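Colleague: If you want the building blocks of each chain, they are given just below.
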Amino acid sequence: MSTIAARPESALMPKRHYANVKHSVASWLLTTDHKRIAILYLISITVFFAVGGFFASMIRLELLTPKGDLFDGDTYNKMFTLHGIIMIFFFLIPSIPAVLGNFLIPLMVGAKDLAFPKINLLSWYLYIIGGLLAVWALVKGGVDTGWTFYTPYSSTYAKTEVFLAVSAAFIAGFSSILTGLNFIVTIHKMRAPGLTWFRLPLFVWAHYATSLIQILGTPVVAITLVLVGVERIWGKGIFDPSLGGDPVLFQHLFWFYSHPAVYIMILPGMGVISEVITCFSRKRIFGYEFIAFSSLAIAIVGFLVWGHHMFVSTQSTYAGMVFSFLTFLVAVPSAIKVFNWTATLYKGEITFEAPMLYAFGFIGLFTIGGLTGLFLGAMATDIHFHDTYFVVAHFHYVMVGGMVMGFMCGLHFWWPKMTGRMYPATIASIAAIIVFIGFNLTFFPQFILGYLGMPRRYHEYAAEFQVLNVMSTAGASILGVGYAIPGFYFMWSLFFGPAAGPNPWGAKGLEWQTQSPPTTFNFDEGQPIVVEEAYAYSIGGSESVS
Amino acid sequence: MAQHVVPPSTYVKVFGGLTILMILTVVMAFFNLGVLNPVVALTIAILKALLIVLFFMNVKYSSKLTMIFVACGFFWLLIMFFLIMPDYISREWLTPAIPW
Amino acid sequence: MSHSSDSLVAHHFEDIEQQNESAVLGMWLFLGQEIMFFGGLFAVYLVYRFKYPDAWAAGSTDLDITLGTFNTVVLLVSSLTMAMGVWSAQTGRQKSLIRYLLATLVLGSTFLVVKFFEYKHKWDYHHVPGPSFSFQSEHFPNAAESNVQLFYTLYFIMTGMHALHMVIGAGLLIWLIVLAWKGKFGPHNFMKVELTGFYWHFVDIVWVFLFPLLYLINRHH
Ligand code: HEM
Ligand SMILES: [Cu+2]
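Chains as they are written, first to last, in my numbering: chain A, 1 to 546; chain B, 1001 to 1100; chain C, 2001 to 2221.
So that you can see chain A by itself, here it is in the shape it has in the complex (with noise of 0.2 Å):
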């Protein structure tokens, strides 16, 4: 594998930058910094991630054989809510945005800050407070309503840490709000001059369309989550039957959040795509307006779908077929990207490192999982679908092998601008295919699982699902090897990485013109003037660049 040469064999580690200018805890925990914020995000989305990783490893041992053998029904269906709460609200809602998004857009952008540096703060806070709420009904006996929290169980019937689990994800949502407050702010009023909007990075872009969702979706679940929180306390409440009220209006509130929402934790991802692709294959991208607004419509449409996850519950047939219609709509603005990124790769000079090949992988991937959505949205396959493991392969599709692919891609192209240093190269390109390999081995086994049939949400299964089942926990083995390899060598990079200088991949963008890791605010040399395009590279028909 060739290593691109722009990276100066004899770079140093700058002397001074954001990371060591101060070194007391205190300087850690109340620094407004979104570069040390997004560290701290870092931090704790792991933590979480291995939290929800260990549940995720509970169900695959239990669903080993058929019979219910390692726990109970009552604590299986609390390992795969705890799992799905934790891994949605906590690691993959603020995954990209809080990390990445912090860490990078204030640099794309050209500013010294997010607009709004302690609502930053503030919001890791939040989220570090809605993350121990939700630890703390872990510790007290769990939660088993699913993360959907339906209606009446959740309301009325469940026995378990309903309320402290819906307070957990009420304040997490206020965290996630105010996070996309602050790019929407940032990104309209601190662009460098001559930073116009076609100019920008697409990964800005698909974080203005995330952060459109996040302030107009998740106030509706939070108010949901109050809902059900008063409806527990009071005993009397809006989702009430006996009272003539309606528990399907719960799913109406929550999947208006809730499908967007999944746009929160795929948008993102397709941003570093963007930035990814183009780089290692020195080629201006293909279609930057439609990628562009591709992003808005998503966002925006994303709005009119919700009805498909209740295609079998008491909603009315002839919503169903709109919600329907509406959901295949859905799907053209994501496909548009997937053909852009592959018209980009036609002809480009392509090169495979790590983060190019999680980029491989994530588009591979969210095309089958966005295309098996639509099987889902259908709504006569769905009667047959909804609630099998068919469900749950689709969205690992799109959220493990789109998002969290996108993530570690993400993760692997600016780490060197993060931490100033390289990993090696060959180890992380390894542990990337492990991870292709353990995921395809773990979820698509569940595709066939779900189409012969098998529900989701048991801890037990007819005898017949077994080697599937199999299959799919070997999978996971893997899929948790192949995760924990990069947490090794990034430690050790940290530490014993060769210096990576400013820009060692030869990438575009003003994250890559200052020094690595950069200053406390950013720019030393004052605001970047920006006179190109973005993704100015050498293929495609630039002008500018020698």
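Don't take each hint at face value.
[To be verified] Cross-link-like lysine-lysine pairs, in silico, DSBU-like; alpha carbons within 35 Å at most:
no.: 1; chain 1: C; residue 1: K2051; chain 2: A; residue 2: K159
no.: 2; chain 1: C; residue 1: K2184; chain 2: A; residue 2: K118
no.: 3; chain 1: A; residue 1: K118; chain 2: B; residue 2: K1064
no.: 4; chain 1: C; residue 1: K2051; chain 2: C; residue 2: K2120
no.: 5; chain 1: A; residue 1: K118; chain 2: C; residue 2: K2120
no.: 6; chain 1: C; residue 1: K2182; chain 2: B; residue 2: K1060
no.: 7; chain 1: C; residue 1: K2184; chain 2: B; residue 2: K1013
no.: 8; chain 1: B; residue 1: K1013; chain 2: C; residue 2: K2182
[Said to hold, decoys possible] Partner residues are not named here, just some residues of chain A that face chain B (Cβ under 8 Å, in silico):
no.: 9; residue: F256
no.: 10; residue: T317
no.: 11; residue: Y318
no.: 12; residue: S324
Since the hints were made in silico from the structure, they are not lab data. None of these values were measured; they are calculated from a predicted model. A virtual CB, placed ideally from N, CA and C, is assigned to each residue, including glycine.
The hints should help you fit chains B and C with the ligands onto chain A, whose structure is shown.
Modeller: Just chains B and C with the ligands now, with coordinates in the frame of chain A:
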């Protein structure tokens, strides 16, 4: 934002408008207008909200961007209403012959 | 005032314009968030009013229209005083700024006190949802008691959420009054007043919708 200072006279006029609308909404509620009652009540409420947003909250004198975001907020609310209601309106259209 | 407007600019902004514009945009995004937050409740309201029109009418006619109207007036006046407060800050009138902020605070508190008595009244008459809830309506025989209880549940949640926002607003006003007392505001530095004003007006708007939707259904009976 070019700092636009709205004179007190405007504020007082707006307040006058709001008071009149408020009296109107209470009075109208005592007439039987059938289905028009909620329509009238909501129209008046929207007018009041507009007055407050445009003048008390300065939107009339602020940038296009602000206006777009304000409109967006209310528009998204309408999306929610317009996509939830069809379900409730049409649920009974297809009642199964055998009651469950 | 001695300090130039330069010292008011935080390190990461280029100039005061950029800082103020960012603050205004940020506040509006926050309010957009608030719209959707209350919007969830209004959606619930819409669905159930559509499903149970009689129960809604029955519950509504039993609310105290006099107190409701009174509180509406109180909030409208408080919006006026708040707007005047912003104007005082913009034009450097320190004394009148403090006076208007105080007036707003007093009006807001009045609203909350009246609300408290309304709640208490509901409690005395067993109109608070729960085991002891009871409700008879002469005008609306079709209104099932359980559905009226649903109305009251929603009434308490919606007005309660609104009241909570008022309490937060009152807290902000106290903070502003302290700052104003210290002479922190002037023609170049009134963003905090203006943005709190936005928030206060927004809470007023929520009430502008709550009032007819909760108090004014089928009053002609
Ligand atoms: C191409 C666009 C997509 C379409 C058409 C689509 C369609 C669907 C449909 C119809 C369902 C409901 C299945 C059922 O419960 O019967 C579903 C479930 C789900 N989808 Fe997608 N999807 C798409 C993309 C995504 C993305 C990008 C993500 C996340 C990053 C995602 C995450 C989920 C999750 C988490 C669920 C299951 C929720 C649950 O019941 O626990 N989807 N999808
Ligand atoms: Cu969905």
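Colleague: Each hint needs a verdict: does it hold in this structure or not?
Modeller: Hints versus structure:
With a CA separation close to 30 Å, the supplied pair C/K2051 and A/K159 stays within the 35 Å bound. Annotation: proposed proximity of C/K2184 to A/K118 holds, straight-line Cα distance about 20 Å (limit 35 Å). Using a Cα cut-off of 35 Å, the hinted pair A/K118 and B/K1064 holds, with the two alpha carbons roughly 27 Å apart. Taking the CA atoms of C/K2051 and C/K2120, the gap is near 28 Å; set against the 35 Å cutoff, the hint holds.
With a C-alpha separation of about 40 Å, the suggested pairing of A/K118 with C/K2120 is violated against the 35 Å cut-off. Distance hint between C/K2182 and B/K1060 is fulfilled; the C-alpha atoms sit about 32 Å from each other, no more than 35 Å. Under the criterion of a C-alpha separation no larger than 35 Å, the hint pairing C/K2184 with B/K1013 is consistent with the structure, at around 29 Å. With a C-alpha separation of about 32 Å, the suggested pair B/K1013 and C/K2182 falls inside the 35 Å cut-off, and the hint holds.
The beta carbon of A/F256 is positioned within 8 Å of a beta carbon in chain B (closest approach about 6 Å), and the interface hint is therefore held. Taking 8 Å as the C-beta cut-off, the interface hint given for A/T317 holds, the closest approach to chain B being about 5 Å. For A/Y318, the interface hint holds, since its Cβ comes within 8 Å of a Cβ in chain B; the closest pair sits about 4 Å apart. About 13 Å separates the beta-carbon of A/S324 from the nearest beta-carbon of chain B, more than 8 Å, and the hint is not met.
Checked against the numbered hints above, the structure breaks hints 5, 12 and satisfies the rest.
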